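Start from the sequences and build out the full structure, keeping to the hints where you can.
Sequence order for the protein chains is A and B. If you're matching positions, the first sequence starts at 1 in this note's numbering and goes up one per residue. If you're matching positions, the second sequence starts at 1 in this note's numbering and goes up one per residue.
A few of these clues could be false.
Because identical chains share one entry, a pair is satisfied inside a single copy or across any pair of copies.
[Unchecked claim] Calculated pairs, EDC-like style, for lysine to aspartate or glutamate (alpha carbon to alpha carbon, straight line, at most 16 Å):
hint, residue 1, residue 2
1, Lys2, Glu120
2, Lys125, Glu98
3, Lys51, Glu113
4, Lys3, Glu98
5, Lys121, Asp139
6, Lys51, Asp40
7, Lys125, Glu105
8, Lys2, Glu67
9, Lys72, Glu98
10, Lys48, Asp110
11, Lys125, Asp139
12, Lys102, Glu35
13, Lys3, Asp41
14, Lys102, Glu122
15, Lys18, Glu105
16, Lys72, Glu90
17, Lys99, Glu128
18, Lys15, Asp110
19, Lys51, Glu78
Derived by calculation from the structure, the hints in this document are not laboratory data. Everything numeric in this text was worked out from a predicted model, so none of it was measured.
There are 2 protein chains.
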Amino acid sequence: MKKEKELYRDFLRSKNLKLTKPRLIIMEAVFENHEHFNVDDLYEQIKKKHKNVSRATIYRTVPLLVESGLIKQSLRCESKDIYEHTYGHENHLHFICEKCGKIIESGFNDVAELIDTLAEKENFKISEYNLGARGLCSDCQ
Amino acid sequence: MKKEKELYRDFLRSKNLKLTKPRLIIMEAVFENHEHFNVDDLYEQIKKKHKNVSRATIYRTVPLLVESGLIKQSLRCESKDIYEHTYGHENHLHFICEKCGKIIESGFNDVAELIDTLAEKENFKISEYNLGARGLCSDCQ
DNA sequence: ACTTTAATGAGAATGAATCTCAACTGCACA
DNA sequence: TGTGCAGTTGAGATTCATTCTCATTAAAGT
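See the structure below:
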C-alpha cells in the first residue's frame, strides 16, 4: 500500500493534478480489499467511513487510477464496468462461468508471449491485454 | 447466406420460436455486409429498406442470433455493445487502437490451443474465446 | 493568509438497453 | 381457406450506469 500511494502521488504530480482528500480516500478504498470491483461497490464501501464522497467524484477518479496504471478495466458484469488491480498483480486471464458468474483466474505468461509476437507482426504496441473465455466452470457443467 | 438462413430457421424451430418477418429482416441485415456492428447500425440499415422494424425488436432479436451461434458479442465501443459474425469466420483476436479505434484482427490458433490447456487444468469448458489487447496501431504510435 | 485555479457534491441530463401492453401475426388444425 | 391462440411486435415509457453542470470549496504556490 505504501508503494501504490507513492506511485499515485507521483502520477498526479506529473499531470499537475491536485492531491485532494477525495482522491486519497478513493484510492485507499480501492486498495483496501477488492480484487474486482465496480463504482457502486466503491461508493458503498467509502460511505461507511466517510460521508460526502459523491459518486460523480468516484466516476471522475477511477479513470485516473487506470491511467496511473494501478488498476485496469476488466470485464463488464451486470452491465456495469468493473475494474481490477494491476499493480503488484501478475497479468492473468479470466475464465468466466456463464451459469454462476464465477471468475477463475489463470496463468498468462506463455499466452502473452504468443500475443506479443502477433502484435509485432502488425506493428501494434500493446498497452493492455484483454484475455479470457466464457464457458462453464467445473461445478456448473 | 443460404446456410446461415437455414441454421437460423432450424434454431428458431428447435426453440419453438416463430419465423416472423422482422426476424428474417434483421438476420438478412446482419449478413448483408457488417463484420462488426451495433444495434444502432442495424436499425439505420434496416430503416432504409423496411419501415417499421423497431429498435426494441432488434434488441430482442440480436440475442437470438447470438444464441444460434451466428454472431457473438465482441468488444464494446463508444459504450455500445458490438457484435461480430462467427459463422464462417475463423476465430481471431482483436488489437484495438486506443487512439483511432481501428480494430486489427490477427491469427488465433496457437493462442487458442494454449488457452485450452489452461482451461483443462481448471476443468473449465470454454464456449467462447474473448481475446484481444488494447494499444496503439502502427499509424497512431 | 491570499489568490488563483482546479476539484467537489448534488442533482440534472444523457443514452443504451429493457420493459409494458395493446394490437398483430405465424402456424397448427379444422 | 378460415379460425383461434400463443408468441411477437411497435411505440413509447422506464430503468439505470455514466456523464455533465454549476455553484461552492479547497489545494498549493506566493
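Hint-by-hint comparison with the structure:
1. Lys2 to Glu120: The answer is neither: 36 Å in one copy and 38 Å across copies each exceed 16 Å.
2. Lys125 to Glu98: Close across copies (10 Å), not inside one copy (31 Å); limit 16 Å.
3. Lys51 to Glu113: neither (45 Å within a copy, 50 Å between copies)
4. Lys3 to Glu98: neither (36 Å within a copy, 28 Å between copies)
5. Lys121 to Asp139: between (39 Å within a copy, 14 Å between copies)
6. Lys51 to Asp40: within (15 Å within a copy, 40 Å between copies)
7. Lys125 to Glu105: Answer is between; shortest inter-copy Cα gap is 14 Å, intra-copy 24 Å.
8. Lys2 to Glu67: Close neither inside one copy (19 Å) nor across copies (47 Å); limit 16 Å.
9. Lys72 to Glu98: between (22 Å within a copy, 14 Å between copies)
10. Lys48 to Asp110: neither (42 Å within a copy, 48 Å between copies)
11. Lys125 to Asp139: between (38 Å within a copy, 11 Å between copies)
12. Lys102 to Glu35: Within one copy only: 13 Å inside, 30 Å across.
13. Lys3 to Asp41: neither (24 Å within a copy, 46 Å between copies)
14. Lys102 to Glu122: Answer is between; shortest inter-copy Cα gap is 12 Å, intra-copy 34 Å.
15. Lys18 to Glu105: Neither. Shortest intra-copy (35 Å) and inter-copy (40 Å) distances fail the 16 Å Cα cut-off.
16. Lys72 to Glu90: within (13 Å within a copy, 29 Å between copies)
17. Lys99 to Glu128: Intra 27 Å, inter 14 Å, cutoff 16 Å: inter-copy only.
18. Lys15 to Asp110: Classified as neither; 35 Å inside a copy, 41 Å across copies.
19. Lys51 to Glu78: neither (26 Å within a copy, 33 Å between copies)
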